[in-house]
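Hey, can you piece these two chains together into the complex? The hints should help.
Here are the chains, one letter per residue:
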Amino acid sequence: MLDAYIGVLVLWPLVAGLLCLVLRSPGARKALVLLTSAALAVCAVGLASQTPFTANPNFLASEGTLKVAEALAIVFPAYFLLRGLMEKHALVIIFSCLQLALAIWGMMNMNEPQTVQNAVVCDGLSVTLALVVAIIGSLIAIFAIPYMQHHEDHLKLAKSKQPAFFLVLLAFLGFMNGMALSNDLRVFEACFEATTLCSFLLIGHDNTPVARQSAFRALWMNALGGVFLHSGVLLVQKQFGVVDIHAVVNPALWTGASMLPVALIVAAGCVKAAQMPFQKWLLGAMVAPTPVSALLHSSTMVKAGVFLCLRFSPVLTNTTIGAILALSGAFTFFAGSAMSLGQSNAKKVLAYSTIANLGLIIVCAGIGTPVAVAAGIVLLAVHAATKGLLFLCVGDMEQTIGSRDLEDLRGMVGKSPVTALAACAGALGMVLPPMGMLVGKWATIEAAKSNPVVMALILLGSALAVVCWVRFAGTLMSGKPLPTPEKAHHSSPLTNMPLMTMLACAIGLGMAAPWIDALMLPNADAASVFTTGWGLMPPLFIVCLLAWMVGMKVLGRQTAVPQASPYMGGLPSAEPGTFVGALGKNWALTEGNEYATEIFGESGWTKFAGTLAGLLLLAMVGGAFI
Amino acid sequence: MNLTTFYLAVAGLILAPLVGGLVSGVDRVVTARLQSRLGPPLLQPFYDVGKLMSKIIAPASHWQGMFVRWALVASLAADVVLFAGGDVLMCFFIQAASASFVAMGAFSGSSPYSKLGAQRELFQMLCYEPIFLVSVLCMAKAAGGFDANTIMNAGAQPLLYKMPFIIPGLVFVLLVKMRKSPFDLSACHHGHQELVRGVFTDFAGRDFALLEVAHWADVVVILWICSFLWATGPLQMVVVALVALFVIILIDNVSARLTWRHMVKVAAPLTFVLAFANLMWLYLE
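Here the protein sequences line up with chains A and B, keeping their order. Residue numbers are given in this note's numbering: position 541 of the first sequence equals residue 541, and the series is strictly consecutive. For this note's numbering, count along the second sequence from 1 and bump the result up by 1000.
Looking at chain B on its own, in the form it has when it is part of the complex (with noise of 0.2 Å):
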């Protein structure tokens, strides 16, 4: 590990929550006025946080802190190895251990509905993984390494000519993982439907707010992975990552939630075999 290697993980761990709030902002900003309201603040989401961090709230279970900051930890972690140029699928694996712990806080609460929360939550993991991972493996093998670094340094031409059909699948991890219509499944943001608030009922005060920091977290990674699509310099990849930030926003505002068993029987192997048959594309080629 080289000097600059140590700068860019430590620039990940500390830009990577700030960078997830903004996007945060910027949604909650482009959903408001894409429904004619003003909309908060670009900061609001940082306000937020500040004020669930000064709140003491006596936990639902006293295992929920330490699995909160495991998460928190796993995210931070998954965004220092993406940023370091490390290897995209255990950046990923990463990532997932952060999500189990979600998910583990959340059935170790008492509320029913944390729990029905917690179920829904990995059956959306059991969707998004395969399909994110089939794409990580169609830019792994049209860059030639698993590494960030080598994917993102692929060459003139994006990488996304040689791997349209992974669009949709990318489309569909996006709004799971961003907790989107019609895959808010798990934890939707409005606390008065069926749910509640889903996975996260349980979670209260301090412990809620570093959840919301790791949610930012791993926003991160997903947009940057996804940029990896139109790698040609640093200003495409923002855009490509502020194109995909819009089209998720727009589909979470004119759709109605689906059912989890819709996600798993039908979007799920929909968006895997497209994403796998362009990666058997790419390897017959």
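Pulled out of the complex, with its shape left as it was, chain A reads as follows (with noise of 0.2 Å):
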């Protein structure tokens, strides 16, 4: 049965891409996504059940598919280096140059490398990302359905691109379940090059001249991400002969040994995870369609980078290059913080928002212990429910109004009332207790008292990340000072299932996350979790629920009565929608929000912030020849 779960969950994606591909008809699509996003969904919490357990499937474990996957090391990046001779990209084709080098390098020079006793192996950060791929990926799938089409429409294409898009869009699905579950190094490295061959194509999707630069600047960032991963992986088999991940975490077998791999390895995830200096790759994403920079922002992708880094941050705890890497995870989530806060665009306080977090999860991987990780393993779940909640509805509300900057989104509670309450409360959870971003954040800053530079940065960031979005809700639920007609906006069920169902599971995750962290320790330490702060939770839950009864009974009341006129400092003179103010005269009234861009500007901050935390990725990789 297991295997059967994970033949569903890696190749069936890619099958289903085929078939849209193939039948190209929009039903048939419809039909096949459906289908997709439920079975990914019922075998994810199939292998959920079972957890943890080891298989070995033979589509994962047989000579042919490692032959598979080590041909694909050499394709990817021929591929990669095509594009770029024909883009006549330089970096695009350097990078590719050098992972075809490496790749070849490794082919001939490589001893082979222990047979690796398990293809699967299922603890529980693969069972979160597989959930929140199947789950949290689908359900952007299906949203994506009606949102192309609308997309088309009004690129008025002659010839639909959307069967090619789809296939990327589930492969991507599948590519990322097989990275969450391989335990062989090989197969992973290949899924891990597939990745980043589905978000060129998925940001290039539009083919306008931003979208193509947007997808070199990706390819060309995760080019390097994939020298480094190889270069890291090839000295790990070098080094100890060994290509099972379980027994490459091993903190046992680097006592010694040169940690140099793992910080190459490590430096790969950062680059995937987006973190700074390589922030601009996620920022080009948005230019892609909304459930692209959706997809990338929350389920997958980037959820690789910080995968990765989890998955060895059992040899990083007390390290040098862990204790660099919290540093730099630290100060990335400082940085993005402050940046998220400098901007207009909300798709940009998104992504910026995404960088930040990101940076709190590798903070976890760097300090390593299992208090940590299982922060960071929260963290991740969390963030993907809560950031893909919020991606969908900025998207939906962006096709009613045609803009998706914050100024024009002011007030959207009166225009699209649902989708705008939802983003309030996606942005309010990623701020406020009881919800697991906040909790995650302070089990993160506890974990980290022994470094209190990290722990500054942190706090640092957790201001200004609850300013940026008590601002970005109270934009949204801001009151006119004059009631305007309001126009009915109709959407499909296909829009408003996803986003409620990703409401659902940004709040029910946010919720469970006190037991979601106790499921992620080592059995010793997990019946501690209640008693520490943990434990504050869920009373805290009961004192929600009150509050939320009382709020709603209160709501009602006031619903039903008159509202007062706006307060204007003026005189009962004035005409609606304006104040007497100087010179006698009647002023209109305009609104605008407080970015404070002289301080939180996106250029200075992209240079000094890029400088700072390139010098640290350097200082990382050095460390581990100290």
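Check before you lean on any hint, since a few could be wrong.
Some, not all, of what chain B presents toward chain A, calculated at C-beta under 7 Å [claimed, not checked]:
| hint | residue |
| --- | --- |
| 1 | G1050 |
| 2 | S1054 |
| 3 | H1062 |
| 4 | G1065 |
| 5 | M1066 |
| 6 | W1070 |
| 7 | L1089 |
| 8 | S1100 |
| 9 | S1110 |
| 10 | Q1119 |
| 11 | L1126 |
| 12 | P1130 |
| 13 | L1137 |
| 14 | T1201 |
| 15 | L1274 |
| 16 | F1276 |
These are calculated hints, taken from the structure and not from any lab test. Just so you know, even glycine gets a beta-carbon here, dropped at the ideal spot from N, CA and C.
As structure tokens, this is what we get:
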């Protein structure tokens, strides 16, 4: 049964995607996406019920699969090189050549490593990623059905590009699952590269100059990440002759050995997780249609990076590179939060916040203790649901009003209440207790208690994030000085269903955080979870529930009564929407948020933070030589 | 959770708003005396809230009542966590939720003054949160744990000796949190100024009364955490809180409002760096 589950999770999305490409009709596509989503969700839950386990499904363990994986290590870079040459993109050419050289050198000179005992080893971390991909990723794929239809209507394309789009989208989910479950570094690497390819294709989907530019930027950065990963893997093979991931992450293996391979592999994770100074590829991903950015930011791609770091965290505990990694993650959290505060473009707010929160997970990986790693896994899951929700909401509102600027989204609660309120819930869920994001952040701070700089950076970032998200929610809920006639917004059930399910996931996961945390801990620690601060959460939920009920009652009462006219500080003679100000004139009222760009401006921070984060990353790799 | 903790929690729920109201009363009397006025009776804040509770005024937005109640619940929950000897960081995060709900209520209102106040409220949070939390980290490091009980039982020597540089930070936080000059940026006490009532402009009647109670609860949390600095006995803690209160009232009466830019660019970074230096010092010791 397990083999079947794994087969569906890893292979079926690719098959369904190919069917989408062959069948081409919208109806078939819709059916296939819905079917795939349901199948993925069921199989992921099936896996979760059996965790932890090991398995050896034939399609992942056979000689043939390993040959394919090795061949892909050459095929992918070759394709990247080809695209780089076609576009004459120097960086892509350089890094894909390096990847190719490494792959070929590895094939020629490397001895056959020890056979991997179990092709699949599923623990809490793997199953969390698989669940996130299967559920959050699937919801985004469903959301994409009406969205892409609308998107193409808007672009007036002669020939639909949707079949290819859904092929890549669905295959992406399969590769992510493969990455989460496989225990062979070579298979892992093939999936890792496959996600690079998928994101490159998805970002460039619209094929506008901006989209192409962003796609190639993502490609060169991730090809560089691929170089890091492959050299790390080759060094591991050379040092130990082992490619079994769970054997490699055993700290006993590394006593007295050079940590360089680990530093390189973790650096690859940082590139994929869009950590500064590599944040630009993720920002560029905004130009792609909303489902793509939602997928890249929440459940796939970037989560591959933090997954890799968390996977190697046992080796990082109490090492120099672990400490520097934690520091660089904390710095990214701080800088990313500061940059998101200075943005009025709603998608950029989301993007910088993603970068920041991934930094937080990287901190957990760098600390590497079981308590920290469990907090990291909680953050991974809750962030995926919450950020996925926010992206879908912003995308939906963008299609409604044709703008993604926060100032234009002012008072959206009047125009499309469901989406706007869902977005508010997501925004507040990012920062307020007792939701998982805040509690995870708090657990990270206390796990980092031996490192004051990391703690202080997280505190700063956390304060910045509160301002950013409360302002975001407040702007959406902003009351109008004058009620405008409301246009009813009709959206497809295939838009609302994923939105609402995602909302339920975000809130449910946020509230389930203490229990997830307990599940992720080794047995010795699990019992103590509820005697520490996590134990505060269950009573808090009850308090929240009561507050919710009281709030709803008051809301009902206040909705029924007429509202006060806005206070403008003017005279009664003022016309509606204006106030009597200087010169006794009627002045029209305008509103706007303060973004404090003189302090949190993007360009200044990009230079400063990019340089500092780059130095930290260099120091991490350099730290391996000490 | 044992029974003592439970009693303490209930005590926190009931006592915190009462003590906070008294603090507000003392504040008004002392302020009046500093200005050579007689001032209102000590219990005036309670009379005010009682009167506000009896008023029914049309809300500026139907969301406000909900946010006000959420803010009140969060503030009281923070009190309860602290009284029960819980995690001080989490207590403060819960209180930050209360402040966020106040800002949300102000955002959902219709007056531009209210929204201006909400923006400033958020920038205030940005400034005081890290400073206050770094101060808490200092206390936690010196005491060896993050929960209130551990910090209060830290030892015979007052924590203050080990962390003199967090004092400017704590004064700054108290000024902001109690909405006192020079940092009464988001809501001033005097409705006739350019801010009107800032973040409170759109709240009225019962909603406003409940916000006032929430504010009392907040003040108790902050003053109490400040009094950890000299936690050698209950009396000493009360004295520390009263001294802090007097300092704040004094500063309020001798200073004029600064701009929010000054707060974000000068006051907050300066006091943060001092507090952080103190933290590093504790770790390097």
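A quick look at each hint next to the structure:
1. G1050: This interface hint is violated because 20 Å lies over the 7 Å limit.
2. S1054: Hint violated; S1054 (chain B) Cβ to chain A Cβ min 17 Å, cut 7 Å.
3. H1062: It holds, given that the least Cβ distance between H1062 (chain B) and chain A is near 4 Å, below 7 Å.
4. G1065: holds (4 Å)
5. M1066: It holds, given that the least Cβ distance between M1066 (chain B) and chain A is near 4 Å, below 7 Å.
6. W1070: holds (5 Å)
7. L1089: holds (6 Å)
8. S1100: holds (5 Å)
9. S1110: S1110 (chain B) check passes; min Cβ-Cβ to chain A is 4 Å, inside 7 Å.
10. Q1119: This interface hint holds because 5 Å falls under the 7 Å limit.
11. L1126: holds (5 Å)
12. P1130: holds (5 Å)
13. L1137: At about 6 Å, which falls below the 7 Å cut-off, the nearest Cβ of chain A leaves the hint on L1137 (chain B) intact, so it holds.
14. T1201: For T1201 (chain B), the interface hint holds, since the closest Cβ of chain A sits about 6 Å away, which is under 7 Å.
15. L1274: violated (13 Å)
16. F1276: holds (6 Å)
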